[in-house]
Structure formats: C-alpha cells, structure tokens
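Q: One-letter residues, chain by chain:
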Amino acid sequence: MREFGELFLERRGEVWAATLEHLDLTLTAVAMAVLFAVPLGIYISREKNVSASVLGIAGVIQTIPSLALLGFMLTFLGIGAKPAIVALFLYSLLPILRNTFTALNEVDPALKEAARGMGMSSMQTLVKVEIPLSLPVIMAGIRTATVITIGIATLCALIGAGGLGKFIFRGIALNNSGLILLGVIPSAALALIIDFVLGRVEKLLVPKGLKIDKQ
Amino acid sequence: MSNKLQSILVLVGLIVAIIIVFLLVFTIRGEERDHDKIIIGSKEFTEQLILAELLAQLIEAKTELKVERKTGLGGTLICFGALEKGEIDLYPEYTGTGLKAILKHEENITDSEEVYELVKKKFMAEYNLEWLKSFGFNNTYALAMRKEHADSLGISKISDFLAHSELACGFTAEFNERDDGYPGLVRHYGFRFESDPKDLDPGLMYKAVKEKEVDVISAFATDGRIQAYNLKVLDDDKKFFPPYYAAPVVRSAILEKNSKLGDILNSLADHIDDVDMSRMNYEVDNDGKSPSQVAKEFLTREGFLRKKD
Numbered sequence: 001m002r003e004f005g006e007l008f009l010e011r012r013g014e015v016w017a018a019t020l021e022h023l024d025l026t027l028t029a030v031a032m033a034v035l036f037a038v039p040l041g042i043y044i045s046r047e048k049n050v051s052a053s054v055l056g057i058a059g060v061i062q063t064i065p066s067l068a069l070l071g072f073m074l075t076f077l078g079i080g081a082k083p084a085i086v087a088l089f090l091y092s093l094l095p096i097l098r099n100t101f102t103a104l105n106e107v108d109p110a111l112k113e114a115a116r117g118m119g120m121s122s123m124q125t126l127v128k129v130e131i132p133l134s135l136p137v138i139m140a141g142i143r144t145a146t147v148i149t150i151g152i153a154t155l156c157a158l159i160g161a162g163g164l165g166k167f168i169f170r171g172i173a174l175n176n177s178g179l180i181l182l183g184v185i186p187s188a189a190l191a192l193i194i195d196f197v198l199g200r201v202e203k204l205l206v207p208k209g210l211k212i213d214k215q
Numbered sequence: 001m002s003n004k005l006q007s008i009l010v011l012v013g014l015i016v017a018i019i020i021v022f023l024l025v026f027t028i029r030g031e032e033r034d035h036d037k038i039i040i041g042s043k044e045f046t047e048q049l050i051l052a053e054l055l056a057q058l059i060e061a062k063t064e065l066k067v068e069r070k071t072g073l074g075g076t077l078i079c080f081g082a083l084e085k086g087e088i089d090l091y092p093e094y095t096g097t098g099l100k101a102i103l104k105h106e107e108n109i110t111d112s113e114e115v116y117e118l119v120k121k122k123f124m125a126e127y128n129l130e131w132l133k134s135f136g137f138n139n140t141y142a143l144a145m146r147k148e149h150a151d152s153l154g155i156s157k158i159s160d161f162l163a164h165s166e167l168a169c170g171f172t173a174e175f176n177e178r179d180d181g182y183p184g185l186v187r188h189y190g191f192r193f194e195s196d197p198k199d200l201d202p203g204l205m206y207k208a209v210k211e212k213e214v215d216v217i218s219a220f221a222t223d224g225r226i227q228a229y230n231l232k233v234l235d236d237d238k239k240f241f242p243p244y245y246a247a248p249v250v251r252s253a254i255l256e257k258n259s260k261l262g263d264i265l266n267s268l269a270d271h272i273d274d275v276d277m278s279r280m281n282y283e284v285d286n287d288g289k290s291p292s293q294v295a296k297e298f299l300t301r302e303g304f305l306r307k308k309d
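Respectively, the protein sequence lines represent chains D and S.
6 is the number that this note's numbering gives to position 6 of the first sequence; each next residue is one higher, with no gaps.
146 is the number that this note's numbering gives to position 146 of the second sequence; each next residue is one higher, with no gaps.
Note that these hints are calculated values from the structure, not bench results.
Be aware that a few hints might be false.
[Said to hold, decoys possible] Below, a list of computed lysine-lysine pairs in the DSS-like style, where the Cα atoms sit at most 25 angstroms apart:
{"no.": "1", "chain 1": "S", "residue 1": "LYS238", "chain 2": "S", "residue 2": "LYS104"}
{"no.": "2", "chain 1": "S", "residue 1": "LYS296", "chain 2": "S", "residue 2": "LYS133"}
{"no.": "3", "chain 1": "S", "residue 1": "LYS121", "chain 2": "S", "residue 2": "LYS257"}
{"no.": "4", "chain 1": "S", "residue 1": "LYS66", "chain 2": "S", "residue 2": "LYS133"}
{"no.": "5", "chain 1": "D", "residue 1": "LYS112", "chain 2": "D", "residue 2": "LYS203"}
{"no.": "6", "chain 1": "S", "residue 1": "LYS4", "chain 2": "D", "residue 2": "LYS48"}
{"no.": "7", "chain 1": "D", "residue 1": "LYS82", "chain 2": "S", "residue 2": "LYS4"}
{"no.": "8", "chain 1": "S", "residue 1": "LYS66", "chain 2": "D", "residue 2": "LYS82"}
{"no.": "9", "chain 1": "D", "residue 1": "LYS208", "chain 2": "D", "residue 2": "LYS82"}
{"no.": "10", "chain 1": "S", "residue 1": "LYS260", "chain 2": "S", "residue 2": "LYS238"}
{"no.": "11", "chain 1": "S", "residue 1": "LYS85", "chain 2": "D", "residue 2": "LYS82"}
{"no.": "12", "chain 1": "S", "residue 1": "LYS120", "chain 2": "S", "residue 2": "LYS239"}
All values derive from a computational prediction rather than experimental measurement.
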C-alpha cells in the first residue's frame, strides 16, 4: 500500500489529467443522451404504438458488448474521443429512456384529469404536472446511466480515447497491479462523487410540494 | 392511418436533431489531427509499447519532428484500422500477423523472407502502406507450459498433445479465432483438446498458467514472463506457425513528406534479436521498469542517441 501511495504521488499529474478526460467523455455522452432520450421518452409515453419498438431498439444496443461496439465505430469515426462518446451515448440511452417512459406512465390519471379540469392544455399538463411528478424517477435513470457510463468509459482507452482505463489496461499489460489501482480507485471515486452531485441536483429540481409528502 | 407516418417522422426528426448536435459538439471540440506531428501507435502489450518507444525516441533524437504517442490500442484490427484511416502514421506489426490476420492469406508459408516480401508487396498495393525493414527478432506464437509440468508428462513438442488432450488451455481471444491460431493448429496437427480453450487476456494468461489455472497457453516467444515464470516453450515440430518478424508499418504519404524518416527508422533494422527483445520485455514485466526507460537504455547502449550524424 505504501508503494501504491508513492506511485500515486509520483504520477498524480497524469492521474488528474486522465480523470478529467474520463469526466469529459462521460459527461459529454450522458448530456447528449439526456438531450435525446428524455424528449424521446416523453414522446413514446404518449404514442404507445411506437413505444415497444423504440425501447426494444435501445435494449438491443445495450446488449452489444462494449468492445465490439467500439470496434464497429472505428470504421466510421476512427479512433479517439469521437467514437468513444458516440458509444457511451448509445449505452446511456436505455436507462434514461426507460425511466422517463415509466415515470410518465405512472403519473396518477386522476391528477392529469384534475389538471385538465382546471383548464390546462395538454402541453401545460405535461410541463406543470406530469414532468415535475416524474422528475425523481427520470433523475434516477440519469444517475444510473452516469454510473454505468463511468464504468464503460474505462474501455475507451483501447481505442485511444484516454481516460482512467489507460492505467488499468497498461497495468494489466505490464503486469503492474499498482498501475491497475491507479485507474480503478479514481474511477470508483468519480462514480460516487458524480452520483452524490446528481442526487443534490435532483433535490433542487424536485418541487417542494412533493418533498413534504415524503416525510 | 397517418398516425403511424407521423410517429416515424417525429422519430426521424429526433434522430436527425441529435446527429446535428453531435456534429456541432465534435466541431467545437475540434480534434483535427496535427499534420506536422508523427503519430506512433501500438497494441497494448509490453513488447509493442517498448517498440513504439524505441521508434518515437529515435525520431525525436534524429529529427526535428514532433512525435505523439497513441500507444496501447486494443488489438491488431484497431491499430490497423487507425493506420488505414490516417489517425496514426506508423506502428510496429509482425509479418505473420500481417499475412494471416490482415491479408487473410490462407496458404501456410513458413519461410520468413517469403512472408516479408509478400506482406510488403500486398500492403503497398492494397493499402499504400510501407513495411520498413524488420527489427530482427521473431515473436512467433508458441504454446507454453509450466516447465516441471511439461517435463513430468514428457511433453516437449506440440505433437505430444495427441496423447494429452485432457489438458486445460487458456489462449488469447485473437489466438482462439485467428486462422494462424487454434483453429488452424487443430487442422494442421490433427488433435483437439477435450475442453474448449478459455479466452484469456494476453496480460493475464501467463499468470493463469503460473497459478495452475490452466496448463497450456498461447505465449509470445519473446515475452519476458516465459523466463520469469519458468515456462517451457514447446517445439512446433510440424512447422505450423508462420514467422512473426516485427517491423514498423508506415503510411507512404509520411515517408514521402519526410524523406529522411525511412532511413532513420531502418537504422534499427536487424539490431534487436530474440534475446535482446526478451530481455527488454523481462525488464518491464519483471523488474518494473517503464517501457520508455527500457527503450532509452537500449538506444543509449547501442549508440543511437549520440549527437546527430
């Protein structure tokens, strides 16, 4: 353990740079996925005839082994951050899409009815009633997606995108367990920190009325 | 009726919108490659990392060119794909790998000169890539076992497995799939292990055999861990494995642009034999030195880092 401490101190600059790369890949990909999957999830919760096929496609993407997807991306996007971000984006879709869809479906029909009764349009019902009520579940999907993506992003080192996976695979290749830990520990810490931060964001976003209920 | 059409339009619209956002983000990130730099790639194992460092440090010492290292890429096809797309300019490749894994040449050739001439000709014709001269060592695939285990069973050559099909194997995923790996080996020697070989990471394979998790692995002949873990390499008595001489593969455009580059890289030709390479690998795998340190020591010892000539 002392040796690991020395290794860490010696290479802390590199570790920091790799952590930032890792964060950059993950956050860019998840942000894009939120931008795409939340509206899509809202849409398919209203158009039930396409919901099964859209969720099906997202499910199929999720089952493609990560390295295979990265290898496939190579043909179109080469190596580096681009194919990595696209692959991570694809892997983040399902949790966000599924949670958004489920959350909106689970909104109590009586509340929607009441909103209508008060004279709200369908758009107003969505923005003022359904989305606020769905936020905790949607946020849970985003948090799941982020934590999964931080894990998968380690593989992106194999297509030259950098990140903390660099240390892990270099450590395996060079038979050096200290190097492996240099990648594993920061990525685990990163996952915990990001999840905590998103938890805070969730608290800020969820309307006050809902919080009182929970006590 | 038109409901379905509308759904499809909305979905297509969403997809188009996200593609536009992707293009925007990629443009803002601006990752266009710098054409004044030489980008050196490598696969993710000790020997490749050392070779990439040797080439990089040689270029840095002998020219004014800047070098960027994109080393540790995941496997032959990712390295080759990146080279073909011009995302890297060169990487060290093995003649047998070029022949079998990239050109998918079916016929078995065991003469090293013949293999080299063939890949050189075909890579130029098909991909416009140049094979420079070989470093001089042959990192062939080799089946390896724990020495005392092999000796106790009386196994010294691959055809001895005909009588020992009960052994447990752990091969790299590439070896399990490639025609110059297990499938071809089975056809050539006419034996098959009772249980299917496990897929193991090349870095973990040696430890697995040392810890007796498996009995036979698809080692690389110049790997430092063969010596470090006291493994025995079995004789390829029916001459199945093609030669795997390592040489830099370079994009022709880069050689044309920098006329001296080819000569500089070729100065390493026939300078590293099997023993040199095994020793350098051993220094990294066993002594914990970094690939760049080992490369620097070699270049210094062999007089490559003296003042410009």
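Q: If a hint holds in the structure, say so; if it does not, say that too.
A: Each hint tested on the structure:
no. : hint                   : result
1   : LYS238/S with LYS104/S : 21 angstroms, holds
2   : LYS296/S with LYS133/S : 21 angstroms, holds
3   : LYS121/S with LYS257/S : 21 angstroms, holds
4   : LYS66/S with LYS133/S  : 22 angstroms, holds
5   : LYS112/D with LYS203/D : 23 angstroms, holds
6   : LYS4/S with LYS48/D    : 11 angstroms, holds
7   : LYS82/D with LYS4/S    : 34 angstroms, violated
8   : LYS66/S with LYS82/D   : 23 angstroms, holds
9   : LYS208/D with LYS82/D  : 40 angstroms, violated
10  : LYS260/S with LYS238/S : 42 angstroms, violated
11  : LYS85/S with LYS82/D   : 14 angstroms, holds
12  : LYS120/S with LYS239/S : 23 angstroms, holds
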